[in-house]
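*Asks:* Sequence:
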Amino acid sequence: MNDPRNLSSSKRTRAPIACLRCKRRKTKCNGTRPVCTPCQKARASCTWAGVSHMGADMGEEYASLLQYTRSLESKVAELEGRTQHNIAPASEHQVTSVTAELSTNVALLSMNATAEPFFVGATAGFSVSKMVEGILSQSPIPHPALNSIASSNMQANSDVCPPTNNQTRPDPQVEQKLVDIFFSRVHPRYPFLDRFSFEEFYQSYQVSKDTRTVSPSKPFHLHMVLAISARIMQLHPEMGGNISPEFYYSNATRYVDEALQAPGLERIQSLLLLALYILRTPGSISNLGGWHIIGFAVRYAVELGMHRNIKCGGPRTQDPYRIEIRRRVFWSAYVLDRAVSLTLGRPFALSENDIDVDLPVALEQIPVNGKEIQYNQSSAALTATKTSSLSSFVHLCRLRRLESRIKQELYSASSPATMQDYTYDTTIDSYRQELLEWLNNIPFFTPDGKLQEGYSLYDTPEFFRIQYSKALRMLLQHRITHFSSETYSSKDKEYLALSARAAGDICQYYRTLHQRRPLGWNFLALHSIFTAGLTLLYCIWAEREHADLARFEDIRSCSNVLFAISERWPTATKFRDIFEVLAKRMIDLVSLSSIPHGGLDDAPFLPEARISPAGALQESTGFPAMNQDDFWAMLDELVDDDYIRSQFQLNGADSSWGLFDS
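Read in this note's numbering, the sequence shown has 50 at position 62, and its numbers run on one by one without any break.
Simulated from the structure, these hints should not be mistaken for lab results.
Take the hints with a grain of salt, since some may be wrong.
[Said to hold, decoys possible] The list that follows gives simulated cross-link-like pairs (lysine to aspartate or glutamate, EDC-like), each with its CA atoms no further than 16 Å apart:
1) K479 / E541
2) K165 / D245
3) K572 / E555
4) K562 / E482
5) K63 / D245
6) K572 / E482
7) K481 / D417
8) K14 / E61
9) K481 / E541
10) K572 / E541
11) K479 / E425
12) K481 / D413
With the sequences and hints as input, model every part of the structure.
*Replies:* Shown next as structure tokens:
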């Protein structure tokens, strides 16, 4: 009897789409583009459904996609044949076991990311494991059990979709606008691409779409840049244009296998582009794929020794251009790793003690000949003769290093168990002073402080103050949640006031920036605003007998910003609804106990335009009595979303949900 497993390999392959003539005549069509074999023999016109109105370039590209699909199908059939004949049952069990183990480990890691015994998101663990398998299977990292995993698992990302027939490539002017958007809005924050070489390839690509003579990572980078910019435009309706980011993302996935196999810096750049796209994808709020991908990027950088200072070597290692591009790639990966790891409460991909490479030079363009770079022989550091918009990136790197030290000393497993002793408060005050010094040294880009037309968000004073306030909130968060009414001291009161002011500034400055020019929100910004709002509510609860009315205005700002985010990013609606319910309950609780009648104005606390399921959520929770003293019990009662509940866990500092119990 024939083995049923062998039947699939003998099945006749069919063309994905038959031409109109072969369909009409019910003739076998081999799908060859632009003219199939039957039509060629009959010297007849060969037309295809859905592509008759495409331009010549789009038709050729569509034909190329079909040819690529047939090539993949033949490779899959060949691999299936080898698997069926050459892999023993024990090996099959081993591969299946390792795959299942990887998925399980990722799920368990997700469960413990915020020290909670729950999954982070309904499907985060499984989908991320598939993405990780796809990346590993396309890398030269030795892993015998994972070598047989199909690279098509990369398609597990729900945002990947093939380009549809009615999606035509925008004209070159639109794509040039997308390139400009990337280098004006993304590049100042993560300058890991060399704009000169990128523009050079882009111009040649516009002339000829032939990419066979260039590195496969070049077209991948191009399509990912266009996809990220199209996502930004999608989040900015006022910018005009209706360009699908999935169109460019699906084109980029055609080159993802080769791009992730590329040696050196190109592979790290590809991973960083993937991470940036995921962080700006609305459906990825609970998806941890970005954290995994950034971790791979940092580890590849470590393999290349990019985290260490180059003190000796040949002419290649001493080339100023190569030194500078390596530093920009490494520090971009570093900043992303720190930002995402601090947000998710996970360990960093690289310890701070292992890094001694210098920061990049604050020059707009990377100097090819090295004339604009001076070597400081005493410190072996590169210094620039002038400043530019890249100065904000360099200054942000210094803050991330300071935040890393704070997390290592105050939030690691070896941090002191007691929070109320002299040495602990001394450490906090020392870090506060360093944060103030960082804030006082922010670069100024205009002498009069006025922003020019087309300014970058990362050059504004509000941006730096938001970063300072986020760091200060993180520094104090663990401290303010570990005091009791019996031991309440003047230091506790001081730290509560500082925390409330830092959280309030985050909300106020975000509102200012958004009113000045609508922002393109991402997961990290949403997390910052939501946790700032929770910090405000906690500080009000902790001092509910002497509530400061100014904090209610900060809460109103937080609510306004969350509403603005949810308008452009529907996935954020659940964050907005949760905060609305918590804020209203907190206002009711505090106003009954401490605020005189008429102390709050008659204006609605939350925007009247909000018609959301928050009311239904409020009615279904069975909120405890208004004299409830346990802030955490209130949140636990109202919030049933595991991911949202984890956001105030404070970077995994503790292992229990009772972190805020007094």
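*Asks:* Next, verify each hint and record whether it holds.
*Replies:* For each hint, the structure was consulted:
no., hint, verdict
1, K479 / E541, "violated (25 Å)"
2, K165 / D245, "violated (28 Å)"
3, K572 / E555, "violated (21 Å)"
4, K562 / E482, "violated (33 Å)"
5, K63 / D245, "holds (14 Å)"
6, K572 / E482, "violated (26 Å)"
7, K481 / D417, "holds (14 Å)"
8, K14 / E61, "violated (24 Å)"
9, K481 / E541, "violated (20 Å)"
10, K572 / E541, "holds (13 Å)"
11, K479 / E425, "violated (22 Å)"
12, K481 / D413, "holds (13 Å)"
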